[in-house]
Amino acid sequence: MATATRAPAANPARSGRPSVGRVALYGFLVLLAAIFILPMLWALSASFKERSDIFQYPPKLLPSPATFVNYVHLIQQQPFVSWFYTTLIVAVASTAVAVLVCSLAGFAFAKYRFRGKGTLFDIMFSSLAVPYAVVVLPLFVVLTKTGLTEPFFAMIVPWVAPAFGIFMMRQYIEQTVPDEIIEAGRIDGCTEFGIFLRLVLPLLRPALGALAVWNFLNSYNTFLWPLIVVSDPHRYTLALGLATVYGAQSHQVDLVLAGSVLAAIPSLVVFIMLRKQLLDGLTAGSVKN
Amino acid sequence: MSGTLSVTRSAPPGGRDPDGRPRARRLARVGPRIAPYVFISPFYVLYALFLIVPIGVGAYLSFTEWGGFGSPQWVGFANFSRLFSDADFFQSLRNTAIYVALSVAVIVPASLLVAQALNARGLRGRDMFRLIYFTPVVLSPIIIALVFQLLYDKNFGLINAVLKAVFGFGGIDWLGSPGWAKVSVAILVIWRWTGYLTIFFLAGLQGVPRELYEAAEVDGAGPLSRFWHVTVPSLRPVTAFVVVVVLVGSAQIFEEPYLLTAGGPDGATMSVAQFVYRAAFQRQEIGYAAASGFTLFVIVFVLGRLANWALGVGRSK
Amino acid sequence: MADMSRRNFLRSAGMLAGSVAAAPLVAGCGDGGKSKATQSGAVKLDFWTHDPGYVKTYTASAKAANAAKTYPFTFSLGVTSLAADAVVTKLIAQAQAKKGTPDIAGLEVSQFPRMMKQNIAPSVLVDWSSELNDEQKSDLLRLADYTVDGKAYALESDTCPTVLYYRPDLFKKYGIPEDVGSWEELQAAAKGALAAGKALGICCNGEPGAALGTFRQLYQQRGLNLFDESGKPTIDTPEAVAVIKFMADSLKSGFFTMVPDPYGAPNAAALKSEKLIATFMPNWYNVYGLQANVPKQKGLWRVRTLPKFSAGGGVGAALGGTGFAVVKDKPNTQAAIDLVKYTYLTKAGQLLRFKTAGYLPTMKSLYDAPEFNTYTDAYLGGQKVFPIYKEIAAQAPPFHQSADATTLIDALGGAIQKAQTGAISADQAVKDAMAQYESQTK
Numbered sequence: 001m002a003t004a005t006r007a008p009a010a011n012p013a014r015s016g017r018p019s020v021g022r023v024a025l026y027g028f029l030v031l032l033a034a035i036f037i038l039p040m041l042w043a044l045s046a047s048f049k050e051r052s053d054i055f056q057y058p059p060k061l062l063p064s065p066a067t068f069v070n071y072v073h074l075i076q077q078q079p080f081v082s083w084f085y086t087t088l089i090v091a092v093a094s095t096a097v098a099v100l101v102c103s104l105a106g107f108a109f110a111k112y113r114f115r116g117k118g119t120l121f122d123i124m125f126s127s128l129a130v131p132y133a134v135v136v137l138p139l140f141v142v143l144t145k146t147g148l149t150e151p152f153f154a155m156i157v158p159w160v161a162p163a164f165g166i167f168m169m170r171q172y173i174e175q176t177v178p179d180e181i182i183e184a185g186r187i188d189g190c191t192e193f194g195i196f197l198r199l200v201l202p203l204l205r206p207a208l209g210a211l212a213v214w215n216f217l218n219s220y221n222t223f224l225w226p227l228i229v230v231s232d233p234h235r236y237t238l239a240l241g242l243a244t245v246y247g248a249q250s251h252q253v254d255l256v257l258a259g260s261v262l263a264a265i266p267s268l269v270v271f272i273m274l275r276k277q278l279l280d281g282l283t284a285g286s287v288k289n
Numbered sequence: 001m002s003g004t005l006s007v008t009r010s011a012p013p014g015g016r017d018p019d020g021r022p023r024a025r026r027l028a029r030v031g032p033r034i035a036p037y038v039f040i041s042p043f044y045v046l047y048a049l050f051l052i053v054p055i056g057v058g059a060y061l062s063f064t065e066w067g068g069f070g071s072p073q074w075v076g077f078a079n080f081s082r083l084f085s086d087a088d089f090f091q092s093l094r095n096t097a098i099y100v101a102l103s104v105a106v107i108v109p110a111s112l113l114v115a116q117a118l119n120a121r122g123l124r125g126r127d128m129f130r131l132i133y134f135t136p137v138v139l140s141p142i143i144i145a146l147v148f149q150l151l152y153d154k155n156f157g158l159i160n161a162v163l164k165a166v167f168g169f170g171g172i173d174w175l176g177s178p179g180w181a182k183v184s185v186a187i188l189v190i191w192r193w194t195g196y197l198t199i200f201f202l203a204g205l206q207g208v209p210r211e212l213y214e215a216a217e218v219d220g221a222g223p224l225s226r227f228w229h230v231t232v233p234s235l236r237p238v239t240a241f242v243v244v245v246v247l248v249g250s251a252q253i254f255e256e257p258y259l260l261t262a263g264g265p266d267g268a269t270m271s272v273a274q275f276v277y278r279a280a281f282q283r284q285e286i287g288y289a290a291a292s293g294f295t296l297f298v299i300v301f302v303l304g305r306l307a308n309w310a311l312g313v314g315r316s317k
Numbered sequence: 001m002a003d004m005s006r007r008n009f010l011r012s013a014g015m016l017a018g019s020v021a022a023a024p025l026v027a028g029c030g031d032g033g034k035s036k037a038t039q040s041g042a043v044k045l046d047f048w049t050h051d052p053g054y055v056k057t058y059t060a061s062a063k064a065a066n067a068a069k070t071y072p073f074t075f076s077l078g079v080t081s082l083a084a085d086a087v088v089t090k091l092i093a094q095a096q097a098k099k100g101t102p103d104i105a106g107l108e109v110s111q112f113p114r115m116m117k118q119n120i121a122p123s124v125l126v127d128w129s130s131e132l133n134d135e136q137k138s139d140l141l142r143l144a145d146y147t148v149d150g151k152a153y154a155l156e157s158d159t160c161p162t163v164l165y166y167r168p169d170l171f172k173k174y175g176i177p178e179d180v181g182s183w184e185e186l187q188a189a190a191k192g193a194l195a196a197g198k199a200l201g202i203c204c205n206g207e208p209g210a211a212l213g214t215f216r217q218l219y220q221q222r223g224l225n226l227f228d229e230s231g232k233p234t235i236d237t238p239e240a241v242a243v244i245k246f247m248a249d250s251l252k253s254g255f256f257t258m259v260p261d262p263y264g265a266p267n268a269a270a271l272k273s274e275k276l277i278a279t280f281m282p283n284w285y286n287v288y289g290l291q292a293n294v295p296k297q298k299g300l301w302r303v304r305t306l307p308k309f310s311a312g313g314g315v316g317a318a319l320g321g322t323g324f325a326v327v328k329d330k331p332n333t334q335a336a337i338d339l340v341k342y343t344y345l346t347k348a349g350q351l352l353r354f355k356t357a358g359y360l361p362t363m364k365s366l367y368d369a370p371e372f373n374t375y376t377d378a379y380l381g382g383q384k385v386f387p388i389y390k391e392i393a394a395q396a397p398p399f400h401q402s403a404d405a406t407t408l409i410d411a412l413g414g415a416i417q418k419a420q421t422g423a424i425s426a427d428q429a430v431k432d433a434m435a436q437y438e439s440q441t442k
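Chains as they are written, first to last, in full-length UniProt numbering: chain U, 1 to 289; chain W, 1 to 317; chain D, 1 to 442.
Worth flagging that the hints you see were computed from the coordinates, not collected in a lab. Hints may be right or wrong, so weigh each one.
FRET-style restraints, in silico, Cβ to Cβ [stated by the list, open to error]:
| hint | chain 1 | residue 1 | chain 2 | residue 2 | range |
| --- | --- | --- | --- | --- | --- |
| 1 | U | Q77 | D | A394 | 48 to 54 Å |
| 2 | W | A165 | U | L44 | 49 to 55 Å |
| 3 | U | G147 | D | S365 | 49 to 55 Å |
| 4 | D | T59 | U | F153 | 31 to 37 Å |
| 5 | W | A101 | U | L38 | 52 to 58 Å |
| 6 | D | T441 | U | K276 | 54 to 60 Å |
| 7 | U | T67 | W | A101 | 42 to 48 Å |
| 8 | U | T67 | D | T376 | 26 to 32 Å |
| 9 | D | A42 | U | K60 | 50 to 56 Å |
| 10 | W | A101 | D | A435 | 26 to 32 Å |
| 11 | D | G381 | U | L44 | 33 to 39 Å |
Taking lysine-lysine and the DSSO-like style, the derived pairs with C-alpha atoms no more than 27 Å apart in a straight line are [unchecked claim]:
| hint | chain 1 | residue 1 | chain 2 | residue 2 |
| --- | --- | --- | --- | --- |
| 12 | U | K60 | D | K296 |
| 13 | D | K298 | U | K60 |
| 14 | U | K145 | D | K36 |
| 15 | D | K341 | U | K145 |
| 16 | W | K164 | U | K60 |
| 17 | W | K164 | D | K275 |
| 18 | W | K182 | D | K431 |
| 19 | D | K36 | W | K164 |
| 20 | D | K232 | D | K272 |
| 21 | D | K36 | U | K60 |
| 22 | D | K98 | U | K145 |
| 23 | W | K164 | D | K296 |
| 24 | U | K145 | D | K328 |
| 25 | D | K172 | D | K296 |
| 26 | D | K252 | W | K182 |
| 27 | D | K330 | U | K145 |
| 28 | U | K60 | D | K431 |
Covered stretches of chain W, going by a simulated chain U footprint (3 or more residues, C-beta under 8 Å) [said to hold, decoys possible]:
| hint | region |
| --- | --- |
| 29 | 92-104 |
| 30 | 141-150 |
| 31 | 195-201 |
Note that CB positions come from ideal geometry on N, CA and C, so glycine has one too.
Input sequences plus hints: build the corresponding full structure.
Structure follows, in structure tokens:
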């Protein structure tokens, strides 16, 4: 929509009827779209099927008879709505903080010289390589020892400073924010924080969007950590709740399907909301001046 | 607005008494020397508390035998010597190396290609395509595994059915044969992450100034040559970033093989991360898990540094 | 390559090493101290399980026990649902944290070995062997599954006898008699069905545990199981080789078909499309496998004892189950023990379990009780199933556990996955599995 208006028409000299290249391009994009969306459509369709029809063979694309029974059961039998809220709170809160923490630190790494920078960056960068499964148990022990096991605290605070985010912001700032902007800010009498807040941050919209999407998805999908720190089933995250439903002896695939379809909605909404941030910020052209 | 926060430093001090400054002005005092430390401190405080400490604990645990309960027993290097004679561990290392190689060699170029296609001038429905390409990462991994098990099934799967209809053969045991199972996992990984990584390239592509292309076109460069001489160099930073992320991410790959094949048949698709998980949460050998996790950490660390060095990503200014 | 410098690397490494000082955090847990025990009155028991069936069962059981007034408590439940592996992961983590443990936990049998590592079970769970009298011990089936060093830490909730599920209509169509005595006879009789692309059983190539399921059920028919009483593997036998060979041959001939596991989509498709006209699984598969995936085949399935191997052995086999454990030294421990006792050691409790969620009696003496014996199964076309279950339950060899059970299951399951496709011989599979197991255990 917004993107269409921005793009200038293809080379006018060649316009007229669609070229072979155009047809191939659209063919390629449509084929790819089909491959990417097929499983999503299958899940959507299957979530409206009765349990015994989910694996019917040969498979039918449209549910017949269509039924809402899986959604109804999910919401009646499981605290799905609580899971949903918990997940949203955790994902939104940790993403908001992470974006701030990462962009600040990324800015420092990209645009300042300071003692110990190399070492500090090394330490940060090396933590990208820490396997999650190894950290989880010791972290739980540490939190228990220090009494910090309040579920929301434990689900949010330890994860608001992802090294990935800093790395990403540093890369981006280094590439796109010219030193002159900072110099100009200083000459105008801006504070360092003021420079960051009012001159740099606005240029970071695409990266902030990408980081927010990344962090939101990550937080949204974690399962092992909530499993260990959360005791009350009402405070489960969606990923944990659905894994529990699936892990029940009978593999309640029907409920998991309905839950997964509902669970996908917030991520899609976040993506749709942030897509302008993700892409359009860069094209304003201010960056290169 | 800009007057309130950004007082002093270059401006002459006003007639106000220095101690009566509002808090905002004190912040303003933080000069370029101190500022970076202030900026990175939130991260490092959190990092020290919630990552360094657990890593230290994990490192300690790798020298112990511990089932997760009671006090760990110090066993010195026993876990490591067992690890280096564990055929499963080496198999999982090999598998992970394959996943990493495939991810870097296939996903990175593929997402660049898709981004390039999406960036075509005057493309209709760009938003829709972008959204669709993004859907694989929002779908619950459990459901993804379910769908792909159906697709891959030897007898009832769609893929074999299509192969049979088009090429006349379709008896591939996608999940059952050790070789094909790796391919199946790799296809799933490509499917799941290509669309997502496309976003990064797309952002990069949109940042390439149009004038560069136009200048190249004036010089008579064809589309391929423009791609090679304008796009690729302009995307170098973003490519380097994506490569490091894919490298580090795929070295820790867990969900895809775990859910699709449970690491089988006979460990043919097991990744190191799953090996760690298995030791910790299926065998309750947390000391051993810590030792294997620590080894993975060292390998990924070294690889990350190498990539970094080769691509110049992490180079300090 | 500024930041690749050795100095920087050493500095980072030093920081890392410094944090090892944090290690004592893990060790030496302060004793939380025993809280005052609840003696009587209303108690709310924290109850963890992976199976909604147990929630139903224990809710009903608490109600019945309250009505019976045999115990000084009025029971109610606080339920936490978790996946089977998560129950154990979380139980151990909470036990280490000394808070938030459940009063009663359902430990799935394949997860129990994790509780045997480094004495976790004896440190955390109530020892049932001191709670049971000799008569109860000899009457209870499957106490061995949860026994460590002669002490039992959970009571099994289901007997899980393996039966042959089959479709009489399709057997008739392909001329297979329903009452053949041996696997070999069944194979011979099934030639026509095989030619039509039908199969009479499954082998699994999903996770090692699933692959092992087929083997374990058949192996028990030969009177053997994975471990002996002392926890040593008992798989290096001619019988094991014979069973693996039987599986590989059956796959090759099409007598068995390959699926990832008995629950997923491919197996469901095989049932739905009537490719699978027989399959051998425990009693619970009736509800969780067949009724869940092919409810419309109601009335078409029957069960019978497994055909024997002509080389010897019987019909006894079992697979799966969940043991109920009580966490010790908690205020509600006695109340939890009483509720579990009511549920498993009284006839009323056993009957209630069966009526609520279909779990079979775990006391041998009850298999002849008329309340069970006259039961007919509607999905199985009104078949009287107890005489069949009884015969199997009496013959199934005991399942002894080992702390290293998962290692053996992975090793043997993996080797079987290779052998069943013909990549290695059955003999080699057993050798490989033993070698792998021994290299990984002390």
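Practice task
Given the range 33 to 39 Å, decide if the beta-carbon distance of G381 of chain D to L44 of chain U lies inside it.
Solution key: With Cβ atoms ~37 Å apart, the hint holds.
Problem - Given coverage of the region 195-201 of chain W by chain U, checked by CB-CB distance under 8 Å (3 or more) - result: holds (count 3)
Problem - Given hint K431 of chain D paired with K60 of chain U - CA-CA distance at most 27 Å - result: Not OK: K60 of chain U and K431 of chain D at ~46 Å, beyond 27 Å, violated.
Handout entry: CB-CB spacing for L38 of chain U and A101 of chain W relative to the 52 to 58 Å hint
Key = The hinted range 52 to 58 Å is violated for A101 of chain W and L38 of chain U, with Cβ atoms some 27 Å apart.
Exercise for the section: Kindly confirm whether 42 to 48 Å is satisfied by the beta carbon distance between T67 of chain U and A101 of chain W. Expected result: Holds - the Cβ-Cβ distance for T67 of chain U and A101 of chain W, about 45 Å, lies within 42 to 48 Å.
Handout entry: Satisfaction of hint between K296 of chain D and K60 of chain U, Cα-Cα up to 27 Å
Key = holds, 17 Å
Handout entry: Restraint check for K232 of chain D with K272 of chain D, where alpha carbons must lie at most 27 Å apart
Key = violated, 41 Å
Exercise for the section: With a cut-off of 27 Å on the C-alpha distance, tell me whether K98 of chain D and K145 of chain U pass. Expected result: Since the Cα atoms of K98 of chain D and K145 of chain U sit roughly 10 Å apart, the hinted pair holds (cutoff 27 Å).
Problem - Agreement of K145 of chain U and K328 of chain D with the hint, judged by alpha carbon distance not exceeding 27 Å - result: holds, 22 Å
Handout entry: Proposed proximity, K36 of chain D with K145 of chain U (alpha carbon, max 27 Å)
Key = This hinted pair holds, its Cα atoms lying about 23 Å apart.
Exercise for the section: Return holds or violated for the Cβ distance of T67 of chain U and T376 of chain D against the range 26 to 32 Å. Expected result: Taking Cβ atoms as reference, T67 of chain U and T376 of chain D lie about 30 Å apart, which means the hint holds.
Handout entry: Assessment of proposed distance window 49 to 55 Å (beta carbons of G147 of chain U, S365 of chain D)
Key = holds, 51 Å
Hint compliance for this structure: hints 1, 2, 5, 15, 19, 20, 21, 23, 28, 29 are not met, and every other hint is.
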